[in-house]
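If you read the sequences in order, they're chains A and G.
Under this note's numbering, the first residue of the first sequence carries the number 223, and numbering increases by one thereafter.
Under this note's numbering, the first residue of the second sequence carries the number 270, and numbering increases by one thereafter.
There could be a bad hint or two in this list.
Stated by the list, open to error - Some but not every residue of chain G turned toward chain A, in silico, with C-beta under 8 Å: (1) Q310; (2) D325; (3) A357; (4) L360; (5) N368; (6) T369; (7) Y371; (8) F372; (9) G373.
Claimed, not checked - A few chain A residues that don't get close to chain G, going by computed Cβ distances all over 12 Å: (10) S250; (11) Q267; (12) T277; (13) Q293; (14) E310; (15) D316; (16) Q328.
Rather than coming from a laboratory, the hints here were simulated on the basis of the structure.
Ideal placement from N, C-alpha and C gives every residue a C-beta, glycine not left out.
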Amino acid sequence: AQSVTQLDSQVPVFEEAPVELRCNYSSSVSVYLFWYVQYPNQGLQLLLKYLSGSTLVKGINGFEAEFNKSQTSFHLRKPSVHISDTAEYFCAADFGSRLTFGEGTQLTVNP
Amino acid sequence: EAGVAQSPRYKIIEKRQSVAFWCNPISGHATLYWYQQILGQGPKLLIQFQNNGVVDDSQLPKDRFSAERLKGVDSTLKIQPAKLEDSAVYLCASRTVRNTIYFGEGSWLTVV
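Required output: the full structure, derived from the provided sequences and hints.
Next comes the structure, spelled out in structure tokens:
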């Protein structure tokens, strides 16, 4: 079955520390991969996407993610986080026009 | 470029009442989605339109939910009658030709 798994439901970090939010997917076909961020009481904002080409993709707000086909992963990273990065992050996979989401990772950046 | 527009942003209704949400996708986007996001969970697809035709409504509770997309542009999602478990954010999204999906701000429903 096609699915997306976010391995951590909550990730607390200190300001200016690096962070990695983990995402794995399950699929027998090629997929498009996305990371979205959701701030309180707001909709989903696209952070970055992998459609094809370079496996390292850069997005907004200093985030980047690496597509690893052999490990079926698409982990999100940022070298130095800010308080304003506190939000819910969703990994999503497009299994041929249906976008399937993981359950989300709450990133909390503490001073 | 204008984003995906949704209204109303917030709605509180009593159980067994009805509610309707409206979505205007980004201009030119043929594919439109409605997702339901329950608090603490990831969004789940309710229905997908390609122009004004339904592509996937396998997860739409058809006994109480309905959606239409007349003329292949705006879309309306209706719930009748509402249940307590329908309390959620209803997200509308549209898809570019380059396979990127953009979301609106969501319509927040509370059923009491």
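Do the hints match the structure? See the list:
1. Q310: Check passed: Cβ of Q310(G) comes within 6 Å of chain A, closer than 8 Å.
2. D325: Nearest chain A Cβ about 6 Å off; hint holds.
3. A357: Since the shortest Cβ distance to chain A is 13 Å, the answer is violated.
4. L360: holds, 6 Å
5. N368: holds, 6 Å
6. T369: For T369(G), the interface hint holds, since the closest Cβ of chain A sits about 6 Å away, which is under 8 Å.
7. Y371: Hint holds; Y371(G) Cβ to chain A Cβ min 7 Å, cut 8 Å.
8. F372: Because about 4 Å separates F372(G) from the closest Cβ in chain A, which is inside the 8 Å limit, the hint holds.
9. G373: holds, 5 Å
10. S250: holds, 19 Å
11. Q267: Non-interface label fails for Q267(A): nearest chain G Cβ at 8 Å, not farther than 12 Å.
12. T277: Consistent with the label, T277(A) stays out of reach of chain G, its closest Cβ about 17 Å off (over 12 Å).
13. Q293: Q293(A) clear of chain G: closest Cβ-Cβ about 21 Å, beyond 12 Å.
14. E310: At about 9 Å from chain G, E310(A) fails to clear the 12 Å cut-off, so the statement is violated.
15. D316: violated, 7 Å
16. Q328: violated, 9 Å
Figure legend: structure checked against the earlier numbered hints; hints not met, in rising order: 3, 11, 14, 15, 16.
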